[in-house]
Structure formats: C-alpha cells, structure tokens
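Those protein sequence lines, which keep their order, are chains A and B. Using our numbering, the first residue of the first sequence is number 1, and each one after it goes up by one. Using our numbering, the first residue of the second sequence is number 1, and each one after it goes up by one.
No wet-lab data here; the hints were simulated from the structure. Hints are supplied without guarantee of correctness; some may be wrong.
[What the hints assert, rightly or not] DSS-like mimics (lysine-lysine), calculated; alpha carbons at most 30 Å apart, straight line:
{"hint": "1", "chain 1": "A", "residue 1": "Lys201", "chain 2": "A", "residue 2": "Lys146"}
{"hint": "2", "chain 1": "A", "residue 1": "Lys35", "chain 2": "A", "residue 2": "Lys222"}
{"hint": "3", "chain 1": "B", "residue 1": "Lys232", "chain 2": "A", "residue 2": "Lys63"}
{"hint": "4", "chain 1": "B", "residue 1": "Lys215", "chain 2": "A", "residue 2": "Lys99"}
{"hint": "5", "chain 1": "A", "residue 1": "Lys146", "chain 2": "B", "residue 2": "Lys232"}
{"hint": "6", "chain 1": "B", "residue 1": "Lys215", "chain 2": "A", "residue 2": "Lys67"}
{"hint": "7", "chain 1": "A", "residue 1": "Lys63", "chain 2": "B", "residue 2": "Lys392"}
{"hint": "8", "chain 1": "A", "residue 1": "Lys63", "chain 2": "A", "residue 2": "Lys258"}
{"hint": "9", "chain 1": "A", "residue 1": "Lys201", "chain 2": "A", "residue 2": "Lys47"}
{"hint": "10", "chain 1": "B", "residue 1": "Lys214", "chain 2": "A", "residue 2": "Lys99"}
{"hint": "11", "chain 1": "B", "residue 1": "Lys200", "chain 2": "A", "residue 2": "Lys122"}
{"hint": "12", "chain 1": "A", "residue 1": "Lys67", "chain 2": "A", "residue 2": "Lys95"}
{"hint": "13", "chain 1": "A", "residue 1": "Lys223", "chain 2": "A", "residue 2": "Lys47"}
{"hint": "14", "chain 1": "A", "residue 1": "Lys67", "chain 2": "B", "residue 2": "Lys214"}
{"hint": "15", "chain 1": "A", "residue 1": "Lys63", "chain 2": "B", "residue 2": "Lys200"}
{"hint": "16", "chain 1": "A", "residue 1": "Lys122", "chain 2": "B", "residue 2": "Lys392"}
{"hint": "17", "chain 1": "A", "residue 1": "Lys244", "chain 2": "A", "residue 2": "Lys259"}
{"hint": "18", "chain 1": "A", "residue 1": "Lys95", "chain 2": "A", "residue 2": "Lys146"}
{"hint": "19", "chain 1": "A", "residue 1": "Lys47", "chain 2": "A", "residue 2": "Lys244"}
{"hint": "20", "chain 1": "B", "residue 1": "Lys30", "chain 2": "A", "residue 2": "Lys35"}
{"hint": "21", "chain 1": "A", "residue 1": "Lys259", "chain 2": "A", "residue 2": "Lys63"}
Only a predicted model underlies this, so the values are computations on that prediction, with no experimental measurement involved.
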Amino acid sequence: MDRPAFDSTGNYLVSTDLRNTVNIAVALGRPLLIKGEPGTGKTMLAKAVAESLGLDLIIWNIKSTTKAQEGLYVYDTVQRLYDGQFGDHDVSDIKQYIKLGKLGESFNSEKRVVILIDEIDKADLEFPNDLLWELDVMNFYIPETKETITARQRPIVIITSNAEKELPDAFLRRCVFHYIDFPNEDMMLKIIKVHYPDMEKTLLDEALTAFYWIRSINGLQKKPSTSELLDWVQALVVGGISYKRICSDLPFLGVLLKKNQDFEVVLRRLQAGGVQRKASSTGARRGY
Amino acid sequence: MFTGLFYTLREEGVPVSLTEWMTLMEALDKGLSGASLNGFYHLARSLLIKSETYFDRFDLAFYRYFQDVETSPELAERVMKWLEKSLPPKQIDPDQRKAFSPWDLEELRKALEERLTQQTEEHHGGGHWIGTGGTSPFGHSGYHPAGVRIGGKSVNHSAVKVAAQRRYRDFRTDDTLTTRQFEVALRKLRELSYNAEGPKEELDLEGTIDATCKKAGNLELVWERPRKNIIKLVLLMDSGGSMHPYSRLCSQLFNAASKINHFKDTRYYYFHNCVYDRLYLDPYCMKNSSISTNEVLNNLGRDYRLIIVGDASMSPGELMMPGGIISWEEYNEEPGIIWLQRLFSQFKFSVWLNPIPGKYWQAFYGSESISLIRRVFPMFELTVDGLEQAVKGLKAKL
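Produce the complete structure using the sequences and hints provided.
What follows is the structure in structure tokens.
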C-alpha cells in the first residue's frame, strides 16, 4: 500500500483483525463502524488512528438530543434576530451566522483529518439516515447562503456504537464493520504492560487470573472491563497488596464491581470455592 | 468472483446487498485481501456483515463455501517440509497401526496442514504440535483424530478454520436471550416510544424563531408534538414451578425492563401458571400481597400495552375448569381461559412471550395449553427475534 498504514501506537494495542479492518476502511474511503463491549477501547481507537497516521482528530460526541444537521452547520437565527433588532450589525450577510458543525469542520479542513462520531446510537433513530448522503459524497449544501461545502480531503470517518439502538440498513450498507472482541488474557497482559510497563509479573498473573474468574461468573449485572482492570491493578500496587492475597481476598473489589448485587455474588462464590484456576491459562501465558 | 459465496450467505439468511458486494469487489480489485484466504475472510466479513449477530451465520456460510478449497501452494509446500522433518522412520507396533489404519497419507497430510495452521511457532520435541525430534504425535501414531479440532488457543491463521470455530454463535438472535442480548433486545422496546399520536401542543421555540425571522420579525408561532412518551406497559409474569428453568432469564428481563424509564408507566404483576381473579405483586405469589385482577383491569386504560411472559404449560384443567387454580387454598369461580380472554379484550395491544423455543410448542408437555392460549394471544418466543416481532405487534395499529 502506498499510503501510510495504521498500526499499534505507543499506548494503544490493536489486534491484527482490527488493524486490517481500519486499513481497509481507509483505503476504500468508507466510514468505519466499531461495536464492542464497553471498555474495549472503541473511542480510543480513533485517537490511535489519528496519532498513528499523524492526522488531527475531530470528535463529535452524540447525545440523545443531537440532530444530524448540527454536525453539518448551525444557522444562528437567534443571534441574527438580536443583531437585527439592535441594528449594530449588517444582518443581510447571512454567512456570518452560519457556523460549521464538527462534520462540516472536518470537510472544510485543509488537511486530512480523522472524525470520530462517538456513540451514534445515542441519537434519534433517524439520525444515521440523515447523514447518509453527506458521508457518501462528502459534501453538503447550505441553502441559506447557497453554498456547497465539499470535503477538500476525504476525512477518515470512525463511528462507534454501543448497540443501544439498531442502526438503519441503508446506513450500514455503506459502512465497514468491526466488532471488538473482549481481549483474551494474552492480549490483556500486553495492554496492561503498555500502561504499566514496570508491573511485577507475579502480581499481574494473579490479578489477571482473578479478573477473568470474576468475568466468568454467570449472573453479573455488569462485568468488569479493561478500564476497571487497569484501575484495579493500579490500586493493588498503590495499596501495596501482596500477590498472595489477590486471589484469596480479592482486595479493592469495589474498583472492579460497581453493583451491590454483583459484589454479593462474587463474595459468595469466593467463599464457596475461591478463584478457579484454569490449568491451561498459565501454560499458555508462559509461551508468550 | 466468489459469487457463490454471495448466494451461500443469502441462503444462510445473512442480509447481504449488492451494494456491499460491489464494495467487496472494489476492495478485492485494490488488493486489500492480501491475496490470502485469511485476509479475504476478514475483508469480506468487515464489508458484508454489519452486526455481530450475523457473524455466526457468516462463519457457517464461509465454511460451507470454502471448506473444500485448495490450500495455497506455499502452505502446502511448508507442510511437506514439516512432514519430511517430523516423520522419522520409526517402528510402529501393530496395535497402534490398527487404530490408525483408516487414515491414508492424504488425510494425515490434511490433518497436519490443519495443525500447522494453528501453530504459531516451532515446537521441537513437543507431544502435541508438529515438531522435529521424533516425539511428534504424527511420528508414532499417538495422534487422535479429534485432537485437531480441540487445538490450541491461537487459531488465527486459517480463515476456514476460524469460520468453523463459530466463535460468534452467542450473538445469534434466534438463540434464547442471554444477559447481554437482553439489554439490546429490551432497548428495542424503546421503539415503542416514538409515537406520532397526540396533539401539537408544545411551542417549538426554534421553529418560531425561524418562522419569525423569515417573516422579518412578525411573530409567527410554531407548535409541535411533545416528544414525551405516551406508551404505557403492563408486564405479567408467570412465576410458577415450570418456569424455574427460565427464572433467571425472566428476572433479567424484569431487571432490565425496570431500568428502562422511557415508558410513561410500567406495571408489573405476577401470576402462577395462569391468571385468575387475583394478581400478585411479587414473584412469591402470596395472597397477602395480591390485588384483585378486576381492580387492575378497571384501573388500567385500554392504551396500556400488555406483555405476558410465561411458558403457557399447564394441565388443560387449570385453564378450562372452574377451581382449576393450582394452589390448594384457593378456588376460582371462572376458568383461567376466561380471564385470559378478558385480559386480551381489555387492552388494544397484547402479546405473549414464551421462553420455550417455538419448535417445541407442538411437542412439549404443555402443547395442549399452549395451543389453547395461542388462540387468545399472539405468542412469540422469548428470543431477540421473537421480542422484535412482539414489539412490532405492540406497535401495530388495529
């Protein structure tokens, strides 16, 4: 490939599948739709892509009230009304009341940028459909000024979704899709090493064993995710916990579990049998 | 190219469209598959499949289409080298040979190929992996045909193999719901919230400003429909003995439902096997925390949407006879089926969700009562697909 390809960066590890998918999306100029469990680094991906390719990142955070139009441009009628009333501006020039939204900004940028449309499923059901044309041809028309904004450099569009809502088919047809799996133990070990390179290995192994054991318990309302594990590992280090105690006492469990019921479930299981070690898991980790 | 795969996918029920297929062709043109089956697998999946719920079907289709495909020459060559190295001439005693006799060299080679693709590095002297040193399982017939499938953790290099693993089976929507799927499925109920009914009674501030501006400052009021939710929901849930296998499933449903505050009102009631003259306020179904069914019916307007969750499996007597109620201390004047019909006619929209998979409805011990109840309520499976259909039913205008 002639253009620079995306790869893992200093603080973001990417699986081969995901890396290939990102590069496919970039090469085809299609929006990349990322789904996955919370805490698998969907939002971080966009930052990593921008960093890895040396591009600027524009983030468009979607809320339940966000409308597609806002991403393109906003016509500030209220300001114009005020100005018209007080007469201290020339209100005939509509252009000064047109403010570009995040998507409009990314089209208008001199350089190629990465635009992250974060948590698109939060918005109204019709939201993605309203952006179809703009994401396809990368331009839009502002009727107020009779202007067409066309992307100077086709931005790399990354969209994340937590699957709160189904996205419309027409929208999906145009995307490249990737589902981020929850990292397995080997990958997790690498991820932690990226964040805490000097972590003691015995402590890490114990923490990971306990973590995956907790995740394997059925009936948890909220399974702990990567970010919680990272916090927990740090808490263990700061608290000066000996690795021997990790699996037997599960110290600082509140960092991993956020629900009372989950707490009780895990403690009950801990008293019943304790952390189950898989014979194979340690062996596999040694090979790495 | 690979047009057969397109049709295989569609046969598996994957909604692939021509647009996506043409994108794949474009990507292949640009050489994005890296000229390997593995690259093609990921390329095709990321372009054709837009939801993890279809990953499993994609895997199935991919496996079906490519299972007989030739291994690439370079791989075959590597395997041959491995084969030469790892099969030192060795004496095999007849017993061991016997166990292995149905395997010809061709098959053995194929198995080796498969194992090779799982192997990430050289393993010399190991008992499992292909390795030199003569202790390889292939060298002395210690090989078990099933071993290849069980394989190590790092299977990543053969697309067909990955496909055959079906790692995404959990995400299929037609399986019974698991925790994660529950949340997603319940969020589908949110669709209920969007509603075109109701009068335009809220001042649209932005619209007003817009319109006033367009009229050069002459006030022009614009009204819009309030975006409030007017959907109300009643959930009736069976907590009888035969529901025990599904109790976790159901409690998850209720947990999740109570978390969703998008509905204007949600009511929960419980019943034991069938609805009679009293509904219970908690799953223990004790008389001291119960409420008269008639009272509930009178208090709830026709605009409530009714969802009943239950296995609908009981002896027909419980349904058809006065006094059929399962608890000894109680007696019902009217048979359960009358109560069910009463419920159905009370609400404009109602569905029954059954945790028993639909294919057993005809052949389960409760088949008789299921078919009786299905004459009253539209019944759906308690799966993502079923829930989706049910939501459609709840939204439909009569």
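Just to be careful, I want the Cα atoms of Lys214(B) and Lys99(A) compared with a cutoff of 30 Å; is the pair within it? The given pair, whose Cα atoms are some 19 Å apart, holds under the 30 Å limit.
Given the hinted pair Lys215(B) and Lys99(A), is their Cα-Cα distance within 30 Å? Measuring from Cα to Cα gives roughly 22 Å; hence the hint holds.
Satisfaction of hint between Lys146(A) and Lys201(A), Cα-Cα up to 30 Å: Measuring from Cα to Cα gives roughly 63 Å; hence the hint is violated.
Hinted pair Lys63(A) and Lys392(B), Cα distance within 30 Å: Given that 30 Å is the threshold and the Cα spacing comes to 26 Å, the pair holds.
Mind checking the alpha carbons of Lys47(A) and Lys244(A) for me, to see if they're no more than 30 Å apart? Violated - the C-alpha atoms of Lys244(A) and Lys47(A) are around 37 Å apart, more than 30 Å.
Quickly compare the C-alpha distance for Lys122(A) and Lys392(B) to 30 Å and report which way the hint goes. Satisfied, since the Cα-Cα distance of roughly 21 Å is no more than 30 Å.
Taken at face value, is the distance from the CA of Lys47(A) to the CA of Lys201(A) at most 30 Å? Between Lys201(A) and Lys47(A) the Cα gap is close to 29 Å, so the pair holds against 30 Å.
Are Lys223(A) and Lys47(A) close enough, with their CA atoms no more than 30 Å apart? The hint holds at about 25 Å.
Next pair to validate is Lys67(A) with Lys95(A); report whether the Cα-Cα distance is within 30 Å. 21 Å, holds
Would you mind confirming whether the straight-line C-alpha gap from Lys63(A) to Lys258(A) stays at or under 30 Å? The hint holds at about 24 Å.
Sort out whether Lys146(A) lies within 30 Å of Lys95(A), counting only the CA atoms. 10 Å, holds
Between Lys63(A) and Lys200(B), is the straight-line Cα distance small enough, at 30 Å or below? 25 Å, holds
Of the hints listed earlier, those the structure fails to meet are numbers 1, 5, 19, in rising order.
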